[in-house]
Amino acid sequence: MIVSHRHRYIFLRTRKTAGTSVEIALSKFCGPDDVITSDVDDGLRRELGYPGPQNDADIPVRRYGVSDWKNLLLHRQRATYRNHATAARVRRLVGEAVWSSYFKFTIERDPWDKTVSLYYWRLRGQEPKPTLPEFVRQSSARALSNARIYFIGGRPAVDRVLRYEKLDEELEQVRLQLALPEPLVLPHAKSTQRTERAHYSALLGPEERRIIERACRREITLLGYRFDDRGAG
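Numbering (numbering that gives the first Met the number 0) for the sequence shown: 0 to 232.
Worth flagging that the hints you see were computed from the coordinates, not collected in a lab.
Don't take every hint at face value.
Cross-link-like lysine to aspartate or glutamate pairs, in silico, DMTMM-like; alpha carbons within 25 Å at most [to be verified]:
| # | residue 1 | residue 2 |
| --- | --- | --- |
| 1 | 128 | 206 |
| 2 | 69 | 46 |
| 3 | 69 | 95 |
| 4 | 165 | 206 |
| 5 | 27 | 67 |
Produce the entire structure from the sequences given, and follow the hints as far as they go.
Structure, rendered in structure tokens:
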């Protein structure tokens, strides 16, 4: 995630939505006081010559929560911004003045398509691995849904949710709104682990469809996603 004081925005990073690539692209324009969290693809950022992780532990202790104080007192670990930090946590850490005045955005993806991508990413290198239906049935709603990252109190807490399916177009609109000096070029971060290229409707049965629908009801309602059965049969 990024808190950019230079351009006055907060980017909340959701899972399996090209968030790493977007964060790397945005980091190119970050200033020395901006917050950038660490990620497994920090090497790619260095290769591109972009700013890397910085200021992620630069948090006043007056904004610490109970768990932050426990970690500090028991383990001498300072509070940090994390790459998938929730809106509620970021709001507390940056303070109300920054939170209310900065433009906040995130990315969401068709939940059924996202779940297939999550399956291949989470189980990369694992053999034998459960089947996709087994993975869905064994996963918690928290694991399948991104809504908890950008919802607070049952409502979206960001100013805009970009659609993964129209990411280039919508990201350019945000780029212009933020007055970033040039178009964002998304690197191929976290290369896909997916080996099955069939449409998700050919991979998910009725039970898995319903499980995902229940788990992701907030983002489905917010963005109007519907199960696309183009690959069924």
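Okay, the hints, checked on the actual structure:
Using a Cα cut-off of 25 Å, the hinted pair residue 128 and residue 206 holds, with the two alpha carbons roughly 20 Å apart. Between residue 69 and residue 46, the direct Cα distance comes to roughly 37 Å. Violation of the 25 Å bound is thereby established for this hinted pair. Of the pairs offered as hints, the one joining residue 69 and residue 95 holds, with about 23 Å between alpha carbons and a cut-off of 25 Å not exceeded. Restraint check for residue 165 and residue 206: not satisfied, since their Cα atoms lie roughly 28 Å apart, outside the 25 Å limit.
About 30 Å separates the Cα atoms of residue 27 and residue 67, which puts this hinted pair outside 25 Å; it is violated.
In this structure, the hints that do not hold are numbers 2, 4, 5, in rising order.
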